[in-house]
Amino acid sequence: KQEVTQIPAALSVPEGENLVLNCSFTDSAIYNLQWFRQDPGKGLTSLLLIQSSQREQTSGRLNASLDKSSGRSTLYIAASQPGDSATYLCAVRPRETSGSRLTFGEGTQLTVNP
Amino acid sequence: DARVTQTPRDKVTEMGQEVTMRCQPILGHNTVFWYRQTMKQGLELLAYFRNRAPLDDSGMPKDRFSAEMPDATLATLKIQPSEPRDSAVYFCASGLVLDGRAGTDTQYFGPGTRLTVL
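Chains as they are written, first to last, in our numbering: chain A, 1 to 114; chain D, 1 to 118.
One or more hints might be untrue.
[Said to hold, decoys possible] List of simulated lysine-lysine pairs, PhoX-like, C-alpha gap at most 25 Å:
id	chain 1	residue 1	chain 2	residue 2
1	D	K78	D	K62
2	D	K40	A	K1
3	A	K1	D	K62
[Stated by the list, open to error] Far from chain A by the CB rule (all over 12 Å, computed), these chain D residues:
id	residue
4	V4
5	Q6
6	T13
7	E44
8	P61
9	K62
10	K78
11	E83
12	S87
13	A93
14	G95
15	V117
Don't read these hints as lab results, they were simulated from the structure.
Yeah, the Cβ is synthetic: ideal placement off N, Cα and C, and Gly gets one too.
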């Protein structure tokens with residue numbers, strides 16, 4: 001059974017700092033990995049999707065990397081801003097023919113202080 | 001811009017009552033997902049539809065939960081009878097799988113229905 005772990009569970013940083021969020025998964029037979037952002041009381045917003053054949057994806061100040069063999073992904077946020085404060089979740093999708101089932105980590109709660 | 005919509009946004013009900021949650025996926029999307037989020041369990045997949053057919057509902061308690069897609073613009077999740085342990089936020093998400101390539105769809109989430117069963 002796939003298990004996804006995110007470290008740290010919570011992170012508080014001053015504005016402007018570069019930071020890294022970590023995600024690890026136990027079964028490397030994945031189709032892709034997705035990073036989401038969730039604001040309090042809101043739904044999830046997809047940030048980046050990395051296919052298993054890719055090593056990284058970038059969107060603005062965000063960069064996500066994937067090392068499938070070691071079962072790890074990182075989300076790098078450059079020059080953090082208070083508006084980045086949210087919970088960040090990673091989710092992996094198994095390599096199955098019918099597979100769209102995502103297994104989520106428990107998330108990292110990020111606070112960026114002005 | 002296109003969004004997944006869910007109704008109601010909040011629902012408070014008493015144990016034993018029937019609860020129906022509705023979701024309108026993004027127009028043109030062919031996959032729909034129902035998730036439940038609690039502090040204790042995090043996000044769990046309850047059911048997954050592609051082209052309105054249920055492909056995976058293994059995460060759903062079959063005795064009280066049912067999920068349907070009456071048409072391509074509406075997905076429903078019903079709980080009957082509801083219990084206090086069903087209290088959670090229920091999310092609907094939709095995506096587009098191209099050319100039958102499972103797993104290629106980015107999932108777009110709705111705002112959720114916060115259910116409280118007293």
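Item to check | Violating hint indices (sorted, rising) | outcome: 4, 5, 7, 13 and 14
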